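Keeping the supplied structure of chain Y fixed, place chain C upon it in accordance with the hints.
Given next are the chains, with one letter for each unit.
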Amino acid sequence: EASDFCLYWKWRHLYVPRNYDPTLHPFEVPREYTRALNATKLERVFAKPFVASLDGHRDGISCITKHAKSLSTIISGACDGEVKVWNLPRQECLRTVQAHEGFVRGICSRFCGTSFFTVGDDKTIKQWNWEAPGYGVREEPINTILGKAVFTGIDHHQREGTFVTCGQTVDIWDEQRSSPIRSFSWGVDSFSCVRYNPVETELLASCASDRSVVLYDTRESAPLRKVIMQLRSNTLCWNPMEAYYFTCANEDYNLYTYDIRHLDVPVTVHMDHVSAVLDVDYSPTGREFVSASFDKTIRIFPKDKGHSREVYHTKRMQHVICVRWSADNKYVLSGSDEMNIRLWKANASEKLGLLSAREKAATHYNKKLIEKFQHHPQVRRIARHRHLPGDILKQKRELREMREAQRRKEQNVRKHSKPGSVPLLTEKEKHVVAVVE
Amino acid sequence: MLVFGFWTTKICNTRNCFNKIVLIALFSLTFHCNGFASIVCPDLKKILTKFDSPSRWFMLGKKCKVPAGARERLKEAIAISEAMSEHAQKQAARYDLLLPEDAGFLEGDEDEDTNTISQADIADAVDITSGSKYFNLHLSQFGPYRLDYSRTGRNLLVGGKKGHVACIDWQTKDLKCEMNVMETVNDVKWLHTEAMFAVAQKRWLYIYDSKGVELHCVKKFNDVLRMQFLPYHFLLATASATGFLQYLDVSIGKEVAAICTKMGRLDVMAQNPHNAVIHLGHPNGTVSLWSPNQKESLVKMLCHRGAVRSLAVDKTGTYMVTSGLDRKLKVYDIRAFKPLHSCFLPAGASCLSLSQRGLLSAATGEIVQVYQNVLGSNPVSKPYMAHRLRGQIWGLAYCPFEDVLGIGHGEGFTSMIVPGAGEPNFDALDTNPYRSHKQRQEWEVKALLEKVQPELIGLDPGQLSKVDQASFEQRHKEQIEALGFDPLAKDKFKPRTKKKGRSSAGAIEKRKRKVAHEDQRDEIRQSVQERTEREKELKEKSNEKKLGNKSTLDRFRK
Numbered sequence: 230e231a232s233d234f235c236l237y238w239k240w241r242h243l244y245v246p247r248n249y250d251p252t253l254h255p256f257e258v259p260r261e262y263t264r265a266l267n268a269t270k271l272e273r274v275f276a277k278p279f280v281a282s283l284d285g286h287r288d289g290i291s292c293i294t295k296h297a298k299s300l301s302t303i304i305s306g307a308c309d310g311e312v313k314v315w316n317l318p319r320q321e322c323l324r325t326v327q328a329h330e331g332f333v334r335g336i337c338s339r340f341c342g343t344s345f346f347t348v349g350d351d352k353t354i355k356q357w358n359w360e361a362p363g364y365g366v367r368e369e370p371i372n373t374i375l376g377k378a379v380f381t382g383i384d385h386h387q388r389e390g391t392f393v394t395c396g397q398t399v400d401i402w403d404e405q406r407s408s409p410i411r412s413f414s415w416g417v418d419s420f421s422c423v424r425y426n427p428v429e430t431e432l433l434a435s436c437a438s439d440r441s442v443v444l445y446d447t448r449e450s451a452p453l454r455k456v457i458m459q460l461r462s463n464t465l466c467w468n469p470m471e472a473y474y475f476t477c478a479n480e481d482y483n484l485y486t487y488d489i490r491h492l493d494v495p496v497t498v499h500m501d502h503v504s505a506v507l508d509v510d511y512s513p514t515g516r517e518f519v520s521a522s523f524d525k526t527i528r529i530f531p532k533d534k535g536h537s538r539e540v541y542h543t544k545r546m547q548h549v550i551c552v553r554w555s556a557d558n559k560y561v562l563s564g565s566d567e568m569n570i571r572l573w574k575a576n577a578s579e580k581l582g583l584l585s586a587r588e589k590a591a592t593h594y595n596k597k598l599i600e601k602f603q604h605h606p607q608v609r610r611i612a613r614h615r616h617l618p619g620d621i622l623k624q625k626r627e628l629r630e631m632r633e634a635q636r637r638k639e640q641n642v643r644k645h646s647k648p649g650s651v652p653l654l655t656e657k658e659k660h661v662v663a664v665v666e
Numbered sequence: 284m285l286v287f288g289f290w291t292t293k294i295c296n297t298r299n300c301f302n303k304i305v306l307i308a309l310f311s312l313t314f315h316c317n318g319f320a321s322i323v324c325p326d327l328k329k330i331l332t333k334f335d336s337p338s339r340w341f342m343l344g345k346k347c348k349v350p351a352g353a354r355e356r357l358k359e360a361i362a363i364s365e366a367m368s369e370h371a372q373k374q375a376a377r378y379d380l381l382l383p384e385d386a387g388f389l390e391g392d393e394d395e396d397t398n399t400i401s402q403a404d405i406a407d408a409v410d411i412t413s414g415s416k417y418f419n420l421h422l423s424q425f426g427p428y429r430l431d432y433s434r435t436g437r438n439l440l441v442g443g444k445k446g447h448v449a450c451i452d453w454q455t456k457d458l459k460c461e462m463n464v465m466e467t468v469n470d471v472k473w474l475h476t477e478a479m480f481a482v483a484q485k486r487w488l489y490i491y492d493s494k495g496v497e498l499h500c501v502k503k504f505n506d507v508l509r510m511q512f513l514p515y516h517f518l519l520a521t522a523s524a525t526g527f528l529q530y531l532d533v534s535i536g537k538e539v540a541a542i543c544t545k546m547g548r549l550d551v552m553a554q555n556p557h558n559a560v561i562h563l564g565h566p567n568g569t570v571s572l573w574s575p576n577q578k579e580s581l582v583k584m585l586c587h588r589g590a591v592r593s594l595a596v597d598k599t600g601t602y603m604v605t606s607g608l609d610r611k612l613k614v615y616d617i618r619a620f621k622p623l624h625s626c627f628l629p630a631g632a633s634c635l636s637l638s639q640r641g642l643l644s645a646a647t648g649e650i651v652q653v654y655q656n657v658l659g660s661n662p663v664s665k666p667y668m669a670h671r672l673r674g675q676i677w678g679l680a681y682c683p684f685e686d687v688l689g690i691g692h693g694e695g696f697t698s699m700i701v702p703g704a705g706e707p708n709f710d711a712l713d714t715n716p717y718r719s720h721k722q723r724q725e726w727e728v729k730a731l732l733e734k735v736q737p738e739l740i741g742l743d744p745g746q747l748s749k750v751d752q753a754s755f756e757q758r759h760k761e762q763i764e765a766l767g768f769d770p771l772a773k774d775k776f777k778p779r780t781k782k783k784g785r786s787s788a789g790a791i792e793k794r795k796r797k798v799a800h801e802d803q804r805d806e807i808r809q810s811v812q813e814r815t816e817r818e819k820e821l822k823e824k825s826n827e828k829k830l831g832n833k834s835t836l837d838r839f840r841k
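Chains Y and C, in that order, are what the protein sequence lines are. Numbering (our numbering) for the first sequence: 230 to 666. Numbering (our numbering) for the second sequence: 284 to 841.
Everything labelled a hint here was simulated from the structure, so no lab data went into it. Owing to the predicted nature of the structure, the values given are computational and were not obtained by experimental measurement. Where a beta carbon is used, it is the ideal one built from N, C-alpha and C, also for glycine. Don't take each hint at face value.
As the list claims (entries may be wrong) - DSSO-like, lysine-lysine: derived pairs with alpha carbons at most 30 Å apart: (1) 797(C) to 597(Y); (2) 797(C) to 601(Y); (3) 647(Y) to 797(C).
As the list claims (entries may be wrong) - What the simulated footprint calls covered on chain C by chain Y, stretch by stretch (three residues with Cβ under 8 Å from a Cβ of chain Y suffice, anywhere in the stretch; the number is not a length): (4) 466-476; (5) 701-711.
Stated by the list, open to error - In silico negatives: residues of chain Y with every beta carbon more than 10 Å from chain C: (6) 248; (7) 377; (8) 418; (9) 605.
One chain only, chain Y, in its complex shape:
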């Protein structure tokens, strides 16, 4: 009756009859194109990636590590031997430990999440408790191991109680022992970085100072093979989703992704930095990685593309030494020379927090629109546009000119010499010197 009547008229607007006849909806393509253009522009408008800066260290930051089990804790080591534990949501330092005298060269957290290891310039490996000691109790490491030479990096096994350090040699340690259970070396001066493969947990890789990357298997007694490049690699990172890929950050401003089965040619060469690349870390999805460079920027690359999709920089951020991608795929942490750790969004225009269903639908739709029309020149122009600081822009142009000049010279030499005498090398083939077994 009257109440039924009122109920209908109250909810009348929700009855939305649809007709998908295409003649009732003309100009499908131009309207979608306009929506894609608007979506690209709005994405640029909302691209504000900087979230917070963690202040407190008194010297440049040399390494950052994530907690194995908790998303909100990270630990960072500075060049004066100080190690700080941070709470990210509150952007506070929970605890400070004077771990070493001299640089803290590496930190790694144990897989169970109860302790972490640090190595430093004072030739020691220390294991600390993740919880802070009680009131009035002095900060003491659980375990200290003295070594013969400086250790430059450390990484922990995914499941067992072993860890590996690198310095003069690559040593595998058992937590209970005070001397390494195995030592690998290949006539090399020193190693700068060592990493366990997160999927194939018995594989290791390390960057050596003879411009090579060496692969090891902990079940073997000798290293597997090495690939020698033209310039030295600073760090490397394994792809957490694909066990056979790793990416190394090289001094010649590029990053190289290798397949361990075919080390003679890199899978991709990632070129966009204008100075030495110092650190690289993969996203937990394995589809993208972030790289930190001496040129005061961090760049995010898709795993299979040769150029970066995103560049983050600030006037206040100086040479970025280390970078990490958070385990929930949302944030990137960068530690730099000027004693600050910065927290950035991995997707610069993403809205943080809980989204309503409508917001989620709109974000998905916009993302798909941009993907659909990504090749149209107007959309591409807007989506690609990033502001770069003046120095970096100038350096980029200079590098481009240098490369153009080299290419032109090579072409001329090829044109004026016997056909076939000057071989055509693709970009990928140019950078590997040798693969040694």
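Just chain C, lined up with the frame of chain Y:
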């Protein structure tokens, strides 16, 4: 929600006669969710048998041609996107089952001709609301009337030649505004909503509010004779007596283009709703097609032996109906620019209008005739309906989602019932005749956000989705020059050297020749396949034409 939708739109359409029983049935149905399927199923089964074989679904749309030397990735990408497109078309076609309303029609008795049935008879035979849609407004003082229905079909704008302008909600007969502009009125047009309308007065173009308040007097647009509004581009196209075709963007208020057509007085104008191209008819019998991006016409067609009197284009943009002083009514296929058929009218039709469902109304003098099945290859013999008025007919327009034809003439305005003219199922998110003010606000914002730029107006509206082969080839050429080699070319076959004397020079040459022959064979196979496919397509098309096979899914074919 099938049943729900069905019942509620019934209620919407017959707002004045609320059936209590229907309402109670509505709410009781919601509580019997289990019985839902059993209520719906019998009807669904009947409808589903219409779509007989599953192969019908897969006939939707044309397949994209994979280029000969394509790489694996490209082939995969094309296959995936085609599969998705097919799926989307199928889903859209399946929704047809859920459309709540059906179109009606007029059927006479055994020996009765439908065009002898008068409007008064029809009004008596149908229900009160539909019957009230036949009415006359006696306005004999202010000259013959031009009219325009708003896009949703709720509001009607009438403009008399001697200056009388009024806007009415014609269903409730609610007068929104009425005024006399004290000047000759050449044409009236609604803009994108019922809040603004444009009046082409003797000297300049005026824009008024729905309350009759003058908002703008656009002096740049002078001597305007005819206007057309392009709804998705927010462009008002005006044809003037001085031969200028001008476009005004009503969202930003700027003149987008002013084209000097150099073809004399522009009196006959129509728009193609499919691609927003303006058709102009000229006194030398030609019809020219214009877009705001070009100073010359896109196409010029010779249509009649005398002057073109009126033009109409159907909503799919395939057919154009023209009438001329040579007393002929011609139907053209615009996509191919070919004449389909022509018929002889005793007097040339001064006004033409095409409804949403393809009914053509032609006005000659004081008589309006409505024809059915005009668009197609079969010539039309006799009219579906006819109506005689008092007064010279000056304007003709179909109401968008109603079975109503509005006629403006010398004695005022007449609204005529034409069963089967309007589209029965509207899309509530596009043009909704029953929208609330909130829905209108939301729609207006969304429409403005996706306003198409005038640069995209052309003969093919879907050109953006096509591959630009020319610029790809040019870029490829530049790439070859820059690099010194062709990156897309296949590598020359280098045979592996075998042991045990199998890699002598002769053996290597033999192996190379074998591969070369294989490549040649592949090419020949490809070309033969393409030829057979083309022949098959032609055969199918000719077969279809013979049988005249039409299905409801035809309009989803891209």
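Each hint tested on the structure:
This hinted pair does not check out: residue 797(C) and residue 597(Y) have alpha carbons roughly 47 Å apart, beyond 30 Å. Restraint check: the Cα-Cα separation between residue 797(C) and residue 601(Y) comes to about 42 Å, which exceeds 30 Å; the hinted pair is violated. At roughly 29 Å between alpha-carbon atoms, residue 647(Y) and residue 797(C) fall within 30 Å of each other, so this suggested pair holds. Judged by the Cβ-Cβ criterion of 8 Å, the stretch 466-476 of chain C is not covered by chain Y as claimed, because only 0 of its residues qualify and three are needed.
Only when three residues or more bring their CB closer than 8 Å to a CB of chain Y does the claim for the stretch 701-711 of chain C stand; here the count is 5, and the claim holds. In this structure residue 248(Y) is not separated from chain C by more than 10 Å, as the shortest Cβ-Cβ distance comes to only about 4 Å. Here residue 377(Y) stays apart from chain C, with its beta-carbon at least about 51 Å from theirs, past the 10 Å limit. At the 10 Å boundary, the C-beta of residue 418(Y) stays outside the reach of chain C, the nearest C-beta of that chain being 39 Å off.
Non-interface status of residue 605(Y) relative to chain C is broken: a Cβ of that chain comes within 10 Å, the nearest being about 7 Å off.
Hint violations for this structure: numbers 1, 2, 4, 6 and 9, all remaining hints satisfied.
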